[in-house]
Each structure stands twice: as C-alpha cells, then as structure tokens.
Amino acid sequence: MTNGDSVRGNTALTPLDYRPAKMRIESITDETSDIKTFRLTFCDQDQNEQFEFRAGQFGLYSVFGSGEATFCIASSPTRRDYIECSVKRVGRVTNDLHECNEGDIIGFRGPYGNWFPLDEMEGKNLLFVGGGIGLAPLRSLIWNCLDLRDKFADILILYGARTVADLVYKEELKTWRERDDVKTIYTVDPGGETPDWDGEVGLVPVVLEKENPSPENTIVIACGPPIMIKFALFSMRKLGFPFESVYTTLENRMKCGVGKCGRCNVGNRYVCKDGPVFRYSDLLLLPQEF
Amino acid sequence: MSEQNLFEAPAGWLKSAVDALLSDGVEVVAPVGAEDGTVDLAPVSSSGAITLEYLNVNQPLKRLFFPQTEVLIEFERQDDGDIDVKSQSAPPEEEMVVFGCRPCDTAALDVLDKVFAWDYDDLRYRERRERATIVAFACTGPDPQCFCVPVGGSPHGSQGSDVLVFTRDDGSALLEVNTPKGEKLMERLGAVARPAQPDSGLPDVPDIHTGFDPEKIKLWLDDNFENEFWAGASLMCVGCGSCTYLCPTCHCFDIVDEGIWNRGERRRNWDSCSFGQFTAHASGHNPRPDQAARYRQRVMHKFKYFPERFGLVACVGCGRCLRACGVGQNLVSVLHDIEKT
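Chain order of the listed sequences is A and B.
Here the first sequence stands for residues 1 to 290, where the numbers follow the numbering used here.
Here the second sequence stands for residues 1 to 341, where the numbers follow the numbering used here.
Hints are computed from structural coordinates only; laboratory data are not their basis.
There may be inaccurate statements among the hints.
Claimed, not checked - Here are a few chain B residues that face chain A, going by a calculated C-beta distance under 7 Å:
1. 73
2. 87
3. 122
4. 253
5. 255
6. 259
7. 275
8. 278
9. 281
10. 282
11. 308
12. 309
13. 311
As the list claims (entries may be wrong) - Footprint (simulated), chain A over chain B, 3 or more residues, beta carbon under 8 Å:
14. 111-119
15. 211-217
16. 285-295
As the list claims (entries may be wrong) - Here are some, though not all, of the chain A residues that point toward chain B, as calculated from beta-carbon distances under 10 Å:
17. 69
18. 79
19. 251
20. 255
For glycine and all other residues, C-beta sits at the position ideal for the given N, C-alpha and C.
With the rest of the complex left out, here is chain A (with noise of 0.2 Å):
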C-alpha cells in the first residue's frame, strides 16, 4: 500500500489514553448552507508550535459531551498557523459542532493515517479531481502544492458541486483561477447552475472527458462521493490513465482512529492505518465493500 507502510515499519509504540488536546475555534466559514469550516489552534501554546502533520491525514475532533467523529484535516501542513476542518452537518456531533461559536474549546485527536504520496507526485502533471465536500481533503493537498509550486508540473483543478450553491471553498476557487500556474474547471450539475453561472455544466466524470487530460506523467488525486468517484475512474480508463497514478481516499466510520476498534476495516487493511490515502490499484484487490 501507500506510505501506510513507513509508519508500519516503525516498531516505536505511541502510547495511547485517547485523552484529546483542547482546541480553540478561531474563526468559522459558512461554505454551504450545510457546510462549515473551523479554523482551529491549540489552547496549549507548545502544541501548536510542535504539531505537524501531512495532507491527506485526518483527526478525531470532539464536542465534549457529544462525542468524537472523524474528519480530515482541510488545512495545507504548509500553514503551520492553524488547523482546519470541514464539516456537514448530518448526524450528532456536527450539528453540535455548527452550533459552537468562535472562542468554544473541541477536542482533537490526531493526525491518524496516511497521506498523499508528495514524494512521488513530484515532477509530475498533477489531476485534481473533486467532488462536493470532497475537495476538503484535495484543498489541504492543493495548497501544500501550490506552496511548493516549483515542485510540480501542470496542475489541472477539475471541482464539481451538484449546485452553485454547493460548492464549497469559494473564495479560494476563485483564487486558484487567477493564478496563471494552474488550470482549473468548474462544473455543477445539469440544473444547479445560476444565471451568472460561468463555469461547466455537467457531471464531472463528462466534463473530465470533454477536458480529455494526457495521462502521460501525470498523477490524479481524486476525492468525492463514492458514485462520482466509481464514473472518474470508468473515464479515466476511458482516457489511458493507469490505475497505479491514481489515489483517492476512503471515508469509513470509525471510532479509535489508530487500528484498534475494529470498525473501518475493508478486508485486512484498516482504512485508519492503511488509508484513508489508497492507490486505486490497490484498492482493486480489496473486497468491495467500502
């Protein structure tokens, strides 16, 4: 599998009480009418000057006396400032986390599993593809990219919502169109566009071919929900891209984050340990069962 193995190959035990550090909510964006983004620091001062971590791990973020639930960290590790996190608001813990204020205290456990293979993304075409809520993951990836830009070829951004209004990180998209270093598509759902609306249309795996990538020396890093995910990788086989250069990330529910619960497994891999970064090659050997 991807890097999971580096960690796994260490035979230092981390000692563990799950005991979570406190974090301060900084400032919060509303991306959606469902979606919003917590900017985070550590109460502890050491703790934020010590805390590091790589784009496409994730954390256990807690509201006290509604429980812990998993999310990526949102943030590029470039931006030692702050964490960040995005959240929909669907079950108990992230309604209680809409309803925090900026100054209210969460819980943070982390940074738990692997992370997008930078190394070898390297002097390669980047393909970012992303779906909905999914660019959360992608954003904290793009931005350590773009802050190190002269490490990477052509950056291709391919972003889908199912409406305008769904889109997430909308300042930030328009900034990365600004940029001249990066190419960036648009797209929302037949029927979820506006007026003003002047990106694409259409599904992204139909604008994806439309676009009609090179997959030569490129590597893709796609995330989104899984039906958009399972027709990306129907084109991109479509397009000639080997499923060895393509990564997406798994989202299973868990609940210890570091192999122990037992719940996020998909066959012998724990998504927590193993993933959530997976190489779709790999994950082709896998039960389907995610």
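Given chain A, work out where chain B should sit, using these hints.
Using the frame of chain A, we list chain B on its own:
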C-alpha cells in the same frame, strides 16, 4: 516444560493460596457462582466464595483487561468557557492474581495483546495486563461445543497463562509455571506448593472431538468474499451481538460521550460487528448493509484478515458463541460447510 517448573500442592491449596494473597493486599479474582447457576470471574474477599464447579466461566477473561464499559476522560465546562479535561485515573497499582480461567481464554490474550499494542500502545489495557498474574485451570471435561484443538489450542494449553493448574480428583494439584511472573507467584506461595517430584507426570489431555483445518478454510475464504454461501450461512442470525460480547478475542469498541450540558465523561464500550449501525456512515451509506455482510466480516476477520495481519487465528475455540446463540447459529457448522465445499 522442565520439571523444575512443576509444583505439587496438597488438597485445600487454593484456599491457602487465596487467603495468603489476600492478607498480602493482593487483589484476587476467582470463579464465583451466581444464583442463576452461571460462574464468573470476580474479585473475592475470602476463599469461601470460590467455586470449582464449571466448564468455563460465563464471560470471557478479556473483560478484566478490556472491560465492557470504562471511562476514558471526564470533562467539565468552566465558567470562563474553558473545559477541564481529565484522563480517568490509571488502574490500581496493586497486583492482581486471577485464578480459574481456562486455557482457551488465556490463549485469547495473545490476540488482544496484538491488537492493543501495535503501533499505538493502549495504556489502559497494558497497565491492567501488567498488574495481573494469571493462574489458569487446565480443562478436565471439555463439552461437545469446545473446539480449542483445531484452532491451535489444547485443554492443557499454557499459552497466555503464568501458571497452569492441573487439579486432581482428590483436590490436590500440579502447578506448571510458564513465565517469570508465575515464578514470582510461586516464590510467594512457597508455603502452599513445593517443587514436584521428578516423576510427577501431567495428566492425560482430554479429547476434543471437533475437527477442522483453519488453513483449508482460509484458502476458501481467500476466493469467496462474493459467494451466495454467506446469505445462507447467516440466515438465522438476528444480529444480537451475543457471540461477539462473549467471544474472548472480539475487541471491537465504540467511544461515546455521556453527560449533562456542563459535564460528563467519554466512555469506551464494547461494540459488535453484528450490529447494523456498526459501519453505517452519517450519510446513510453502509458498507455492510445486511446481516450476511456482517456475518461474513466476523468469519473473515477471525479466519482470514486477522491471520494475514497478525499471524494467528482470532478464534480460540471456547465454544461460547455456540452455546449462547439464541437462534442456534453455529460457527463450527459454518466452518464445516466451508471445508466441505
């Protein structure tokens, strides 16, 4: 095992040993009978409460190290908006000696040790393990639902126990010491047991009549994730989770918060792959949408995934899942069916 590691104890040894340990301030856990006829391991304050009349203890040994529910942290909201977070205090430092578990349950500790200490070291589990010395009692009369032998165990298996006791009909016993912890215990119990005569042979191992080959089963599992077999094999399962709670190797858990608005605690509770909510995503998507998928996970985890990941079968053949199932779902029959295909 060399014979220097064998000790001879006269009838009444258990009473003397327990009383000696209790007077030293050691926590003693031993089999105690309940009104409903079940026997479970429980802390005792005198040797009088102990019973030796049981095939196996009702609940698995795991609960001493990985309790059914436990507090992980406590939290309290302060007036200034800050939240006071406390780790629940560590287990007591005093030693604990556990008497009376069976070799299947001690073998299961190998599985749990691997889960709780790979990459991340679960401190609560480790501290509880470290303070415990385990004195297992070899089986004399396994029942037809016992199947420790095909999964690599034995009614006389010493895996996971510090001392293994062979009880004779007259109440005397041979004690086999397996670890440094066991040696330390025997030193302490010098007045109770003395080194055995060189000719003290161990009793014959009772027969286990159930047989199957886990390697052959794994070969089938390797190729049959997708197979109609699973729908049929799981048809009776109602997803109650009894088999997982009573399983000495099952270790899945949930983490939940409980409390009122300004204070509460975060708990770890046993969970079960038999439950529909176990893998359900917040979106409504469920990777294991039906009981067939959940039952398949249980068999696959024990006989394929765990061996691939950690090098051993995650089943010790205690037979609890067979005895406890309310609808007669039978793991051994399922394994026999797999072997026959």
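Numbers of the earlier hints that this structure fails to satisfy, in rising order:
Failing hints, ascending: 7, 13, 15 and 18.
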